Amino acid sequence: MKYTPNPSSVVDEMLQTIGCSSLDDLFADIHEELKVKDRLNLSSGMGEMEVRNQLKYLAGCNIDTENYPCFLGAGAYDHYIPAALEQLLLRSEFYTAYTPYQPEISQGILQSIFEYQTMICKLTGLDVSNASMYDGGSSLAEACSLACANSKNKNKVVISDTVHPEYLDILKAYALSGHMEIVVVPGQDGHSDIDAMVKAIDNETACAVIQQPNFYGILEDPTAVEKAIHENKGMFIMSVEPLSLALLKSPAEWGADIAVGEGQSLGINLSFGGPYLGFMAANKALMRKIPGRIVGQTTDLDGKRAFVLTLQAREQHIRREKAASNICSNQALCALASSMYLSLVGDQGLKDIATRCHHLALYARQEFEKAGMELKYKQPVFNEFALKVNNPVNANRILLENGIIGGYELDDALLLAFTEKRTRAEIDQLVAVLGGIK
Amino acid sequence: MPKLIFEKHVNNSNPFTLPTCDIPLPELSETIPAQFLRNESIALPELSEVEAVRHFTELSTRAYGVDSGFYPLGSCTMKYNPKINEWAARLPGFAGLHPYQSEDTVQGALQLYYEMQEMLAEIVGMDAFSLQPAAGAHGEMTGIMMIKAYHQYRKDYKRTKIMVPDSAHGTNPATANVIGYEVIEIKSNERGLVDLEDLRTKMNDEVAGLMLTNPNTLGLFEEDIQEIAAIVHDGGGLLYYDGANLNGILGVARPGDMGFDVVHVNLHKTFSTPHGGGGPGSGPVGVKSTLIDFLPKPVVVKKGDTYGFNYNLPLSIGKVKNFYGNFGVIIKAYTYIKSLGAEGLKEAGQHAVLNANYLRHQLRDDFNIPIDRLCKHEFVLNSKKQSDYGVTTLDIAKRLIDYGYHPPTIYFPLIINEAMMIEPTETESKERLDEFVDVMKAIARESAQETEKVLNAPQNAVIKRVDEVTAARKPIVKWEAP
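Chains V and W, in that order, give the protein sequences.
Quick note: the first sequence uses the numbering used here, first residue 1, plus one each step.
Quick note: the second sequence uses the numbering used here, first residue 439, plus one each step.
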């Protein structure tokens, strides 16, 4: 299969026009010894039917959440995606477009991002959202970098270890820059050690970070941390699950200066971990500091409402070696998917979905306890909790034999997540299988 | 002017319905303590499904993709995005995989991932790959982190600088800065290539490495690449390859053979995955054996007939992204490479270069081309000839919109005044290129004879030029209820 439209006769004609005798002439500026001898060591091309069979074969080697009930969460969730969303996302004017640098020909993309920014502001309660970022983990790292870059004398990040462990790994990698010192405060009994965090905060602390709900699904009360970090003139950063915000106090209500999170729950396929959607929102004071793109509303020469990429003086293509972030793209199509999702389920729908997830998790907790099993932690949760099991790897193996994709394996527990796709029957079976092995 | 979705809200019009479920449904106030519950309402818009569908369909008609027409954006490689790739990524056996499923349940995905690591290594001449970075700039960051980790491991702490040519993409200096390096700019010579004397003068034992794009942003192959590599390596530095322009040498030459130690490739450029209006992309990073130990974790390995993750990488820089990268994008690029095969990839590279040189040749009489010689996948012209009439590159770009084209990249690279950077890619036919040439010639003519038409462009777009100054001075970045 090839996608080069010019047949060899036309190629010859074009070569002649430019005064070349062969395609090789076009590479006369590359030393012979640097050229690939003969051809790359790859297989030959395939026709569409053949390549389709190959991909279908590989996809068929996997066990997927479309055909198996899935209780895995831990930062990626098996939510339902409305059919209309999947169809709309295939409009190729959206997916084959580039970044909307030319506003006159890109109003559709720009407006969709403006709407996305508005929805993220509504969810988080904050004033300004960027046009999206790579994912939840890198957004958190960018937020911490922002906090450190924003203050001359502060470079300490105080963060609870009840944040997603991969987010912590990403943050540590970003700290290779030398611009951030990461202070990880161990949690206790499944939640942040608020007293220890407050003690760790000092006048060199640029920000304090709490995840809500935390990695173990538990709701955190960050009130004291928020107070301490603000007393020390640092920033309070929350990493939040956007669907939970239909029910839970918004980052703004908790006093956060920056909210970040993973938007995969909002209409984005699991896709083995990506592409997902990092979001970042902040209070007004950070409007000109927040990394990534931002779309603003303005007018055209006729006074008509128009949208345009704005505040670009912050960005790498202008500030180059002075830029505080190197991000020059966003996850536009994923952001679009999330705003389509929020529009298709609507305000009440989002609350209903979040409530259903919560109720299913509560039902499962209750049934596990009835079956004599023990929860690892007892605190309030949104849609995820850890269940004690002796051998999590073995438990997952037996669940799989019973046609169930089990939970995330902790040392002595399975972290189980519940989405609106799960049914009572599936949960009853989960409880029966796990109850049978304990 | 289309309304915003918030302006289409109708109370109680949304039909979304959950399945019935016979479990206990306690009040939230009984199950979540009050201090955790939200007080302020979110106030998302409520619409009927048909109105929501029409809203987004209308937005799509006000966007422009590769499927809409010619998109000669320099350095962005806007090639056709094959539809079979989209089909593949949406297979439930891929799209429906949770990242934490056990390895035995995702063998097909891991095989694809492993093969992709191997194929990319072969294409660019590297020893190993990580597919974790989510975009080109993210790949750059990962690569520079590895360079830093390498020097630190060798206790070579005095290397605090990264060299970047003045023609580089803005992300190069930005990346070096965010990883904590001081940026040293290297001059270009009159031929548009790295000035070797400047490089020699600036290379010393405080320099960690050089970031280079080859072909560079003028579309020119850095002919002295072997000497450049020798200067950097002899000084103890490493060579970073920015793969944004890989399409210009695809299948013909490999960065690994030129002496580069670490590369990133843009799957959304060279390997045909769609740009999505700004993302998601994917920016895998490849390294020579010297840097393998520093790759992000995990890497996918083959053990006998099965595939699995290796997290046991004690010197790894850690992670740059959740999970394993933008897998959905990787599937599309894998499908593309399998479709084209070795010969097809080379032909893609060759035709990309042919198309660029053909356009350069056909436009040289009407437009100034500051460095007018054999180019690779792209070239740069400017509006010098039109400036006599007060016409700028921006005006030409806007006039192209009137003719139904997406304009090329403008005002980049910075080293060319009023630059317009044109990259046609290999997926355009001669007919399309000829049409574009005719339009560009028409604009050149208009610039001289009907200047107002160019200065006032666009007239045929959904909006006229926008007030960017007010947008930045008094930012409105979200909709507020009236």
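In case anyone wonders, no lab produced these hints; they're calculated from the structure.
Just so we're clear, the structure is a prediction, and the values are computed from it rather than from any experiment.
Just so it is clear, CB atoms sit at the ideal spot from N, CA and C, and this is done for glycine as well.
Some hints could be false.
Claimed, not checked - Computed beta-carbon distance windows for the label pairs:
#1 R288(V) to D872(W): 24 to 34 Å
#2 Q429(V) to N477(W): 31 to 41 Å
#3 S486(W) to R288(V): 15 to 25 Å
#4 G303(V) to A919(W): 16 to 26 Å
#5 L475(W) to A83(V): 44 to 54 Å
#6 A886(W) to S8(V): 53 to 63 Å
#7 D29(V) to A886(W): 53 to 63 Å
#8 E48(V) to G842(W): 53 to 63 Å
#9 Q473(W) to L90(V): 42 to 52 Å
#10 Q897(W) to S151(V): 42 to 52 Å
#11 E401(V) to F454(W): 45 to 55 Å
How the hints compare with the structure:
At about 46 Å, the CB distance of R288(V) to D872(W) disagrees with the hint of 24 to 34 Å. For the hinted restraint 31 to 41 Å between Q429(V) and N477(W), the CB-CB distance of approximately 38 Å keeps it satisfied. For S486(W) paired with R288(V), a C-beta distance near 39 Å fails the hint of 15 to 25 Å. Take G303(V) and A919(W): their Cβ atoms lie about 22 Å apart, and the range 16 to 26 Å holds.
Checking the proposed 44 to 54 Å range against L475(W) and A83(V) shows it is violated: the Cβ atoms sit about 32 Å from each other. Judged by the Cβ atoms, the range 53 to 63 Å given for A886(W) and S8(V) is violated: they are separated by roughly 38 Å. Distance hint for D29(V) and A886(W): a CB-CB separation of about 34 Å, inconsistent with the stated range 53 to 63 Å. For E48(V) paired with G842(W), a C-beta distance near 29 Å fails the hint of 53 to 63 Å.
At about 43 Å, the CB distance of Q473(W) to L90(V) agrees with the hint of 42 to 52 Å. The given range of 42 to 52 Å is respected by Q897(W) and S151(V), whose C-beta atoms sit roughly 48 Å from each other. Remark: the range hint 45 to 55 Å for E401(V) to F454(W) is contradicted by a beta-carbon distance near 35 Å.
Comparing the model with each numbered hint stated earlier shows that hints 1, 3, 5, 6, 7, 8, 11 do not hold.
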